[in-house]
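Working from the sequences, and respecting the hints, build out all of it.
Protein chains in written order, with our numbering: chain Y, 1 to 217; chain R, 218 to 430.
Check each hint, because a few of them may be wrong.
Claimed, not checked - Restraint ranges, calculated between C-beta atoms of paired labels, are given here:
#1 G305/R - I201/Y: 17 to 25 angstroms
#2 M348/R - E84/Y: 56 to 64 angstroms
#3 S152/Y - W350/R: 26 to 34 angstroms
#4 Q386/R - Y153/Y: 38 to 46 angstroms
#5 G105/Y - N265/R: 16 to 24 angstroms
#6 I331/R - G105/Y: 37 to 45 angstroms
#7 L150/Y - S227/R: 45 to 53 angstroms
#8 E84/Y - M304/R: 26 to 34 angstroms
#9 G296/R - V190/Y: 45 to 53 angstroms
#10 T291/R - V190/Y: 25 to 33 angstroms
Hints were generated in silico from the structure; no laboratory data involved. None of these values were measured; they are calculated from a predicted model. Beta carbons are placed, not taken as given, at the ideal position from N, Cα and C, and that holds for glycine.
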Amino acid sequence: MCFTREGVAIETDFSYTDALLACPECDLIHEVAELEDGEQGRCIRCGAILFMKHRNSLDRALAFAMTGLLFFILANMYPLLTFELDGRSQSNRLIDGAIAFMDAGYWELGLVVFVSSVVAPLMVLVILITLLLPMRLNRFPINAQGQMRLLSYLRPWAMSEIFILGIIVAFVKLSDFADVGLGPSLVAFVCMVFATVMAYITLDDEAIWNRLKELKK
Amino acid sequence: MTGQALTAQSMGAISCEFCGMLVSNNFIESHSQHCPRCDAHLHSRKANSLKRTTALLIAASILYFPANLYPILTLISFGKSTTNTIMGGVIELANAGQWSIAAIVFIASVFVPIFKIAALFFLVLSVHFKMSWKTRQRALLYRFTEYVGRWSMIDIFMISILIALVKLQAIATVTAGPGAIAFAAVVIITMFAAMTFDPRLIWDNSGEEDDGQ
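This is the structure we're talking about:
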């Protein structure tokens, strides 16, 4: 669904407003449109997505985030992969990749892997819950503004979906000369990624700001 | 109304980078540099965007060489050791008949980093010389570049899994190589380069007319 603004006079006298929106990628001014559930609005000049609306956005995102957190815990408890060669076997957990880099003296890589596969994905889920759960219970979240900003900082560094591809490549490389098996945590990890992606898809920032405004009153 | 497109900048306002609240310059001057809704610091364009992006791109270009020349991992199996560079790993997968995986790794680890560095250099130059050529396509190029950058981390995760999983001393052991550090640095530095680049600069001075009105 495209959003147009033909023939609309734009009011430019304001101190601050959320009735107008400048495209984050090209700065073009748009009037904020009333959308139906499931609709999207794109910038008429550069095509960036400007608005979207989902039914029960906040409740659904909260449900997905809580599901994701549960699976995250499971994903950390059991092995992801098992490896067998010459009668000996070994398995690894999610956190072991970061630890292995640290042990080998590559602490920079250990840190990068720890942040992108463990800390950031976990923080994203936790922040979603600490933001959305109080709002669901009609309370104002602690430092909601800070949490919103932290969430957008963290987002590019949470790389669980890329980690899944890393697992697939490692699996293929090893299958050549050893027996590699899937651990129970792998399923949980994939479910966690799916839940996180769904939480993001259903989450609507505008709905959060509107709800926060309601709660402030 | 024809002529210059109506942007936040041309109407004397700043769009908050985080929450999209549109704040007028009058309000910023008389009240606060911070967004009234989300409290983020307000700026019309990212500070020193072109300089920062260029500096990060130069750093990434330099690191691109050790990332590809040094080994990223060594596999010792029954006393036989094989050492892989990034490209070596792709060739090995292809030789083993794993074409689809080899293609994924090639795109993520070889193609994406070089593409990203080239695309961002091109975008920086196009803004610097105030090009008005194919503005929308350049905006799409930026969006694509920003989106694909993270996927180069596949190889780093693959190495982290292998070294954690394969440690059966003489039977089979995987160790990481110094190329991995340079490679991870290239990926992260180019991610920062894409973040510091402000895509709105592509449209400023582009002379693009606003056909919406």
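Hints not upheld, ascending by number: Of the numbered hints given earlier, those the structure breaks are 1, 5, 6, 7 and 9, listed in rising order.
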